[in-house]
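A.B. asks: From first to last, the protein sequence lines are chains A and B.
This note's numbering numbers the first residue of the first sequence as 1 and each following residue consecutively.
This note's numbering numbers the first residue of the second sequence as 1 and each following residue consecutively.
What the hints contain is simulated information worked out from the structure, not anything from laboratory work.
Mixed in with the good hints there might be a few duds.
As the list claims (entries may be wrong) - Beyond 10 Å from chain B on every Cβ pair, some chain A residues (computed):
id : residue
1  : GLY57
2  : ILE58
3  : LYS69
4  : LYS94
5  : VAL96
6  : ASN107
7  : LEU130
8  : LEU131
9  : PHE134
10 : GLU154
11 : ARG158
12 : LYS171
13 : LYS185
14 : GLU195
Said to hold, decoys possible - Label-pair distances were calculated between CB atoms; the ranges are:
id : chain 1 : residue 1 : chain 2 : residue 2 : range
15 : B       : GLU100    : A       : PRO116    : 40 to 46 Å
16 : A       : GLY57     : B       : ARG182    : 31 to 37 Å
17 : B       : ARG536    : A       : PRO45     : 21 to 27 Å
18 : A       : ALA176    : B       : ARG222    : 31 to 37 Å
19 : A       : SER70     : B       : THR557    : 34 to 40 Å
To be verified - Straight-line Cα separation of at most 30 Å, DSSO-like style, residue types lysine-lysine; simulated pairs:
id : chain 1 : residue 1 : chain 2 : residue 2
20 : B       : LYS541    : A       : LYS69
21 : B       : LYS538    : B       : LYS556
22 : B       : LYS538    : A       : LYS209
23 : A       : LYS69     : A       : LYS209
Glycine included, C-beta positions come from ideal geometry on N, C-alpha and C.
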Amino acid sequence: MRPTTGSIFTIIGMRSRSRLRFLGSLLGLFSVFSLSAFAAAENGPWTLPLLMEAFRGIETAQAAFREDKSSAVLEVPLTLTGELAFRAPDYLRKTVLEPTRETYEINGDRVVISAPGRTSQTLSLDEYPLLRAFVASFRATLSGDLDTLRRYYEVELRGERAQWILTLVPKERSLAAYVDSIHIKGREAVILSVETLERGGDSSLLSLKQPIE
Amino acid sequence: MNKPLVFSLWLTLVLSAAWYALADLKVVTDMSAFMPRSGDNQAVLADVLREGPGSRVILLGVEGGPERRLAQASRSLARALSGTGRFSRVLNGESTLSKEEIARWFRYRYLLAPGIGPQTFSMEALDAAFAQRLRELASPVAMFEKERLPADPTATFRRVLETWKAEAGPRLRDGVWFSPDRARALLLLETKAPGFDLDQQDKNLGILEQTFDSLPDTQGLRLISSGPPIFAAHSRTAVRSQAQSLSVIATVAVIGILFAAYRSLPLLLLGALPLATAIAAAAATVGLVFGEIHGITLAFGITLLGVAVDYPIHLFSHLRAGEAPGLSLRRIWPALRLGVLTTAVAYGAMASTDFNGLSQLGVFAMAGLLAAAAFTRWVLPDLIPTQSTARVDRGDGRWIRRMWAPSAWTHAAGIGVGLAALAYLAVPFEQSPWEEDLAALSPVPAHLLLTDKALRRELAAPDVNQVIVIDAPDAESALQSSERTEVRLQALVKEGLIRGYDAPSRYLPSVLTQQERLAALPDAVTLRSNLDLALRGKPFKEAAFDPFVASVASSKTLAPLRPRDIEGTVLGARAQALLYQTARGWKALVPLTGVKDGAPIAERLEPLPAGAQYVHLKEATGRAVAEFRDEALGKVAWGSLLIAAILLFALRSVRRAVSVVLPVALALGVTVAVLLAVGAKLSLFHLVSLLLVLGIGIDYSLFFNQDGRDRAMRRQTLHGIAVCAISTTAVFGILATSTLPVLRAIGATAAVGVAASFLMALALAPIEELPDNTRPTQ
């Protein structure tokens, strides 16, 4: 029986001088393996923690958006265009330019809704738990906050680094009464679109032109 | 008199009175019995105090844990408390309307919403509404409001909900109310039982504590509570426990004094009988006359009957060895009789007031007094065992000899002190000597009041001090008056004179208004044409608002909601708190909140709709108390004159009448001066106690002025009065140590007054040389 313990050199019966040389080539082999392992990690499975970590690296982001809202009461979907801005960890601003100018500014728990010619409205997400959950779907994703996301949604990630889709299904019955699911599509740490499927058939598709990173 | 017959007669009477009192007599604890009977204003006040919205509100705080735990505790507690069925409202910030209720009120939205009129369904209005809805559809919150859009494009139901939403409440965290520093979750309860039903409120408190302790979510957390029901239950406990402990101490003290004075157990036991007789007779009399007895009457009445302990003491002190007690009694009976008569007049003055509770008290005290006197006169002497007469300290002690020494000097000193006191009183005071603030008489300890203030501020709970009270023959007219009042109040809100108000018509409009709104609903054809015009150029689907047309059509078939239709619902509970049936009709309450200081509300509200009255609670109670006090003072003045007249008639000499009255008058003056000098403010309770002092003081004075005395008798008189004075002062002195303002007032006044009466009577007693008749009369 071959001894299984002891130095590998003893097992293959090497002498000291060639030991050194062997060691050297082993080291070389090892480095090669490491590098390719590293390369493999880059091209390896795309997981939720990896996605979240990628987003956590984002400080600020801007994008122009187009939102198509289809509703059972509308003949044609309502189309909005405007700009989105994000600043880690919890600042989000949606400026609607067409068809009517309106700005929604979310800072922590406070929401300020303003429009030219109208007094601005302030509300607290505390008082609108449903709204807070809904805002979290976007904001928590952008700041890489998986805990908050998981508090409100069942989170599932499919696809790969270059093309992934994050599916959020509301956990609480109160939100599930309105929202069936939210699908966020993206590439790397960039969100390309957010599709909200509502109970009752209505849906809204937010497409980001200059991608948010 | 046939002794056995008299004795058995007494026994029968007392036992039957006691049996009636214990078995049949209902003791009520409704505080409003101590509000005056007559006068419209006062009756309204009593009603509001008793039934008012503020009186049922309990404020709760849950603290001692992180926010999430507190929020969860708040939710569980709210659910559990709603399930007990003892609270008409349990609010913690969560939405309180059930799905069924929301659906039901949604159907009735066109009858419930303010502002529904013919113009609501015009083309222009619909056009504006659709434009607004389109804008809202574009917003992120759209999806939460969309459900009702097809049936309610004018967002009428939203307006209904906004109308019902309480004004500025506390901040929401995690969906429930929190204090600004987030250390406390807040809840607000409204009990079904009225605030002053102490028994029910006691039960509520118990259930509250039990529920809190039993929930798993509240383990380790603290519950703080406040509000009128809490205060009422707490005061009752405090008063009861203090009254019990103090009366035990006082009884022990009296027993000690009596034993030291007479050193005889049989006499001690017999001495309790007049008081027992008095209480039994008094309770039975009140029961027969009024049908019930108030708890306060019992408590104060027994205090006032303290004078009945004096009667046997006088008798015991005058016992002589070998002499039949009946003879001893007859020697002192003239003075005793006169004393009883004058005290009865003093108490009778109270019986004749318009204030239910006080007249009960007067009747109680008078009946008890007469019963005690009758007992002492006819039954007690025959019960005294002959051997007891020998062991009595007959006033031979040296201290007695030394004490009795009235002289010109003591006369001068007494009058001097009295005049000094009167001079002190004559000087006008900077502040009114009367206690104007009822809160100072409250038995609620200061820290509880502070908690209440803090919670009330955090919950933004209305401090219900100003109310408009509407009396109406039926619910419909009450609601109509409420609506008219609302219109007037809206103007006040706009001007900033008040922050807001609450009214029953806000939750349940009058039938008249509902019918007007029904009439304003257009028929299907008109609505359809307005709708089509308004929809032109808008991206809505053609058939999108068919549900709206159908909904309006079906609304036209609805019958207006009446109070009984909304019973048992959250909406009904809200309305019921402000609209209820009374014996005389219906009453609606419109409380005002955030009234600016000094705002001329009364003038600006004129003229109010028929049946409506503006009540400023604090002012009104202050006025009621002042009126009552004035009336009491008046009665006391008349009573005093009557007493003086009786004395004049019985003593047949002005000089002797003055000799009797002067010490008492001066003693009263000294008492009031002392009380004011130590900073006390006089209240009703001081007045009642002064009445007691009057009765007792006259007794002392009369005894010092008796006829047919020899030195031995005089010493016995002094002994008797000294024992009376010491025991009475001891009892009321003990009462004065209480932490409750009311008991303290009574105790201090009576203790100082009785001591002063004794000293004055002693100092101002007539100076005479008396024969030293040591031979006892047979």
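A.B. asks: State the violated hints by number, sorted upward, taking the hints as numbered earlier in the document.
C.D. replies: Violated hints (numbers, rising): 3, 4, 5, 7, 8, 9, 17; every other hint is consistent with the structure.
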